[in-house]
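What follows is the residue order along each chain.
Number of protein chains: 2
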Amino acid sequence: LTARRRAPSAASASRRATRVRAQGINPEIRKEEGKVVDNVVVSELSKPVTAYCRCWRSGTFPLCDGSHVKHNKATGDNVGPLLLKK
Amino acid sequence: LTARRRAPSAASASRRATRVRAQGINPEIRKEEGKVVDNVVVSELSKPVTAYCRCWRSGTFPLCDGSHVKHNKATGDNVGPLLLKK
Ligand code: FES
Ligand code: FES
Numbered sequence: 009l010t011a012r013r014r015a016p017s018a019a020s021a022s023r024r025a026t027r028v029r030a031q032g033i034n035p036e037i038r039k040e041e042g043k044v045v046d047n048v049v050v051s052e053l054s055k056p057v058t059a060y061c062r063c064w065r066s067g068t069f070p071l072c073d074g075s076h077v078k079h080n081k082a083t084g085d086n087v088g089p090l091l092l093k094k
Numbered sequence: 009l010t011a012r013r014r015a016p017s018a019a020s021a022s023r024r025a026t027r028v029r030a031q032g033i034n035p036e037i038r039k040e041e042g043k044v045v046d047n048v049v050v051s052e053l054s055k056p057v058t059a060y061c062r063c064w065r066s067g068t069f070p071l072c073d074g075s076h077v078k079h080n081k082a083t084g085d086n087v088g089p090l091l092l093k094k
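Line by line, the protein sequences give chains D and W.
Read in order, the letters of the first sequence are residues 9 to 94 in my numbering.
Read in order, the letters of the second sequence are residues 9 to 94 in my numbering.
Treat the hints loosely; a few may be bogus.
[Said to hold, decoys possible] Label pairs and their computed distance ranges (CB to CB):
#	chain 1	residue 1	chain 2	residue 2	range
1	D	78	W	54	14 to 24 Å
2	D	31	W	74	18 to 28 Å
3	W	54	D	83	14 to 24 Å
[To be verified] Taking lysine to aspartate or glutamate and the EDC-like style, the derived pairs with C-alpha atoms no more than 20 Å apart in a straight line are:
#	chain 1	residue 1	chain 2	residue 2
4	W	81	D	52
5	D	93	W	52
6	W	81	D	36
7	W	93	D	46
8	W	94	W	40
9	W	93	D	52
10	D	93	D	46
11	D	93	D	73
12	W	94	D	52
13	D	55	W	52
14	W	93	W	52
15	D	94	W	40
16	D	94	W	36
17	D	81	W	40
18	W	43	D	73
19	W	94	D	46
20	W	55	D	52
21	D	93	D	52
22	D	78	W	41
23	W	81	D	73
24	D	78	W	46
25	W	94	W	52
26	D	93	W	36
27	W	55	W	73
28	D	43	W	73
29	D	55	W	46
30	W	93	W	73
31	D	78	W	40
32	W	78	D	46
33	D	55	D	40
34	W	78	D	41
35	W	55	D	46
36	D	81	W	36
37	D	81	W	41
38	W	78	D	40
Honestly, the hints are just simulated from the structure, not real lab data.
Backbone N, C-alpha and C fix where the C-beta goes; we use that ideal spot for every residue, glycine too.
Take the sequences, apply the hints, and build the full model.
Structure follows, in C-alpha cells:
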C-alpha cells in the first residue's frame, strides 16, 4: 500500500487551533532572559505622559514606539500601551 | 476530473508559519474595544510596587495576577509584568 495523506479532520483542525492559541506572544525581545520584567520608578518620569509597550513589538521596548498599530492591522488584534501620567 | 487536494508544499508551509507568527496576542480582553489602552495616574498609586500585565492573560487586567507564569510554562515564552515603583 502506498501511504496516503489523510484530509485534515475536525479533530486535527481543533488540535491545530489549540496549538496556535498556546503560542508565545514575544517573538524577539530579550529572549536570553527567562522572564522579561521592567521597573519604572514613577518619581523619575520626566514627561506628562509616557507610553509603555504591551504588544512586544516595540523597537524601544519597554517603551511604546507605536508598533502596536501595525501589529493590530496585520492580525486583527486590539492591543495597546499602558500610559503613565504624572 | 475529481478535485485532488495537493500535498502541502514548502511554500504553503512557509505561508502557514508566517500566518501563525502574525496572530494576535490578546485572546479575550475587552475585545469590544478597537485598541485597549489603560491610564495610570502615578501620583495615585497606593502601594510601593504595583505590577501591570503585559501578557494579556491576567484575570485582573490591566493589573498582573501572575498568569504570565502559566503562559510562559505552556508556551516557552518569557514575558512578564511592568513594575511601577513609588
Ligand atoms: S509598541 Fe507595543 S504597545 Fe505600542
Ligand atoms: S499576569 Fe500578565 S504579566 Fe503577569
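Item to check | Agreement of residue 55(W) and residue 52(D) with the hint, judged by alpha carbon distance not exceeding 20 Å | outcome: Satisfied, since the Cα-Cα distance of roughly 17 Å is no more than 20 Å.
Next on the checklist: Run the distance test for residue 94(W) versus residue 40(W): straight-line Cα separation, threshold 20 Å.
Outcome noted: Answer violated: residue 94(W) to residue 40(W) is near 33 Å, above 20 Å.
Next on the checklist: Please verify whether residue 93(D) and residue 73(D) have alpha carbons no more than 20 Å apart.
Outcome noted: Satisfied, since the Cα-Cα distance of roughly 17 Å is no more than 20 Å.
Next on the checklist: 14 to 24 Å was suggested as the range; check whether the CB atoms of residue 54(W) and residue 83(D) agree with it.
Outcome noted: 35 Å Cβ-Cβ, so the 14 to 24 Å window is violated.
Item to check | 20 Å limit on alpha-carbon distance, applied to hinted pair residue 94(D) and residue 40(W) | outcome: violated (28 Å)
Checklist entry - Going straight from one Cα to the other, do residue 55(D) and residue 40(D) come out at no more than 20 Å? => result violated (31 Å)
Checklist entry - Given the hinted pair residue 55(W) and residue 46(D), is their alpha-carbon gap at most 20 Å? => result holds (17 Å)
Checklist entry - Given the hint that residue 93(W) pairs with residue 46(D), does the C-alpha gap stay at or below 20 Å? => result holds (11 Å)
Item to check | residue 93(D) paired with residue 52(D) [C-alpha distance capped at 20 Å] | outcome: Holds - the C-alpha atoms of residue 52(D) and residue 93(D) are around 12 Å apart, at most 20 Å.
Checklist entry - Keeping to a limit of 20 Å between CA atoms, is the pair of residue 55(W) and residue 73(W) held or broken? => result Roughly 15 Å between the alpha carbons, so the hint for residue 55(W) and residue 73(W) holds.
Next on the checklist: Run the distance test for residue 93(D) versus residue 46(D): straight-line Cα separation, threshold 20 Å.
Outcome noted: Distance ~17 Å between residue 93(D) and residue 46(D) Cα, so the pair holds.
Checklist entry - Is the Cα-Cα distance between residue 78(D) and residue 46(W) 20 Å or less? => result holds (19 Å)
In this structure, the hints that do not hold are numbers 1, 3, 4, 8, 15, 16, 23, 26, 33, in rising order.
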